[in-house]
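Asker: Read off the chains here:
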Amino acid sequence: MAILKIQNLTKYFGGLCAVKELNLCVEEGEILGLIGPNGAGKTTVYNMITGICRTTKGKILFRGKDIVGLKPHKIAEKGIVRTFQLTTLFPNFTVLENMLTAGHLHSKIGFLEAVLGTPGCHKKEEDLLHGAMEILNFLGIVPLREEFARNLSHGFQQLLEIAIALSIKPQILLLDEPTSGMNAGEIKNVMNLIKEILRRGVTIILIEHNMRVIMDYCDRIAVLDYGTKIAEGTPEEVSKNKGVIEAYLGAG
Amino acid sequence: MSSNRLSKSIPYLILIGLSFLFPFLFQEKKFCLHLFIIIMLNIIFALGVRLTLLMGLPTLGHAAFALIGAYTSALLVMEVHISFWLALPLAGLAAVIIGVPVCYPALMRLRGGYFLLVTLAFVEFLVLLCTLPSWAGVFGGFEGIMRIPAPNSLPGLSAIKFSSKLSYSYIVLIITLLVALFMYRIDNSQFRRLIDATRQSDILTECIGISVARIKVITFIIVCFSGGIGGSLFAHYQHHICPADFGIWPSIYMLLYVVFGGMGTIFGPIIGALILTIVPEILRFAPMMEAIIFGSLLIVVALVLPHGLLSLRYQILSFFKSVIK
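Quick mapping for you: the protein sequence lines, in order, are chains A and B.
Counting from 933, one number per residue, gives the positions in the first sequence under my numbering.
Counting from 1101, one number per residue, gives the positions in the second sequence under my numbering.
Think of the hints as simulated: they come from the structure by calculation, not from any bench.
By construction, the Cβ of each residue, glycine as well, lies at the ideal position given by its N, Cα and C atoms.
A few of these clues could be false.
Claimed, not checked - Listed below are the simulated SDA-like cross-link pairs for lysine to any residue, each with C-alpha atoms no more than 25 Å apart in a straight line:
{"id": "1", "chain 1": "A", "residue 1": "K1040", "chain 2": "B", "residue 2": "V1317"}
{"id": "2", "chain 1": "A", "residue 1": "K1003", "chain 2": "B", "residue 2": "L1281"}
{"id": "3", "chain 1": "A", "residue 1": "K1006", "chain 2": "B", "residue 2": "A1313"}
{"id": "4", "chain 1": "A", "residue 1": "K952", "chain 2": "A", "residue 2": "E1178"}
{"id": "5", "chain 1": "A", "residue 1": "K1040", "chain 2": "B", "residue 2": "L1281"}
Stated by the list, open to error - A few chain B positions that, by computed beta-carbon distances, are all more than 12 Å from chain A:
{"id": "6", "residue": "I1110"}
{"id": "7", "residue": "L1113"}
{"id": "8", "residue": "S1119"}
{"id": "9", "residue": "R1209"}
{"id": "10", "residue": "P1249"}
{"id": "11", "residue": "H1340"}
{"id": "12", "residue": "M1388"}
{"id": "13", "residue": "I1416"}
Turn these sequences into a full structure, and let the hints steer you where they fit.
Answerer: Take a look at the structure:
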């Protein structure tokens, strides 16, 4: 069964149509590439899935339930987690503090017990720290835990973003250009991590401009252009699609 | 671990002990006791303002919550004849019930100077409401409410009369300490981290499954409640309140205490309230110079220590480090 099903999703910004009648199915456990020229509406789709911007029309079904209209934190609670194109972190927190904040949802620490400092809360805080360190270890950034997020290099910031996303125990992970501004070695490292995340049972949607990455790692690809889906299929099928070539290179 | 915590808390315990000794030592000097009480009240207000600032929201309307608390408490004690000890928490509650819904839209949508303008409008609105001639029967118009009684004696402790400045300063001290302790606990808890998180990026905070609205409302409830309690304590100390006690000017001062002292820890507002309450009193001998000296002091601190007076220790530390190198 499809874990995420998008039906007739439409978004108007005033008179501008950013996404039009989009239909998309994401199968559990796959990695789906979402590509398209700049301004095709990819990030807008993410914004609508995660509840950051309202939909004009259409349905987003997560495991058969419509999630349109839910607040972003409710959607994150369900296990739909995203990263941002413009790397978004808590810049004035250290790496570890970022992780401790991100892990709050599953730590189940209540306001009163936190302020009163009950023994139960100390136990939860220990678990929170333990979980945070485990994820940092998985991504290989434990040595950076005391650095301020704002002082990290761009590549490490993006790793931290993935680390934050993993703290919410995602079922679907929406990645928005996780390899932008990285060199070949760093890209390989990130993509291997993403493959490992996939192997652990997380479904992944990937927005990416690097065609090498898309072709090598994605199970399926959906191509957007001017807010509509112009192609969908395996990397091979899509790379031979005439409409896709036209959208990227212009009509010959 | 626990002995470490104990040794860390010794300076605080000494400070608390000294503040308990102060009213006792100066009980003959009425003016010192008066100043002590006013400083304590200002600390309560400054701590509330600091919590608002931690959310990234500058406020010029904190006196509004004090106004609600003061009028609620005075009216409840004088008209409904309930005990001061019940009216005190009810004053805080009233500030929450009025303050939170009214400020909610601004709290959710506005930031920075825009929030500041709304709080400014809020406090002015309340002041005008209380001065309305048609409601003078309830709020007393410009003259406000007079002959507000001192707190009644506690059952079983009827020997202690709270009409004296000495006993009242202990009420205020204990409540100030409770407020400060609560704020201190917040600072050392996961909740403080969440407040900081919403200030840095509310979108990311939402996307990691934390309700920004919930964090802000809980924080603002504490802000309103502490403000209301402070107002109630003010009313039953002065025995007379009028709308002018709670306008923009007191609100500006409450903000100044925090900016002056620094908002990193609870000690910034405490030091700020302490110094900025005492300095104008010292300057009374030179009425013409008062505003000039007070203003210069603020400007110098703002220029030299933009993060508040308490950031001085970091500057001293880094100075010594550079000397050693």
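Asker: Next step is simple, just say for each hint if it's right about the structure.
Answerer: We went through each hint and held it up to the structure:
1. A:K1040 x B:V1317: 19 Å, holds
2. A:K1003 x B:L1281: 34 Å, violated
3. A:K1006 x B:A1313: 12 Å, holds
4. A:K952 x A:E1178: Holds: A:K952 and A:E1178 sit about 19 Å apart, inside 25 Å.
5. A:K1040 x B:L1281: Judged against 25 Å, a Cα distance of about 24 Å means the pair holds.
6. I1110: Holds, since 19 Å exceeds 12 Å.
7. L1113: About 18 Å separates B:L1113 from the closest Cβ of chain A, which puts it past 12 Å; holds.
8. S1119: Since the minimum Cβ distance to chain A is about 23 Å, B:S1119 lies beyond 12 Å and the statement holds.
9. R1209: 15 Å, holds
10. P1249: The claim stands: B:P1249 keeps its Cβ more than 12 Å from every Cβ of chain A (closest is about 34 Å).
11. H1340: 36 Å, holds
12. M1388: Consistent with the label, B:M1388 stays out of reach of chain A, its closest Cβ about 44 Å off (over 12 Å).
13. I1416: Non-interface label on B:I1416 holds, nearest chain A Cβ at 22 Å vs cutoff 12 Å.
The structure is inconsistent with hint 2 alone, although it conforms to all the rest.
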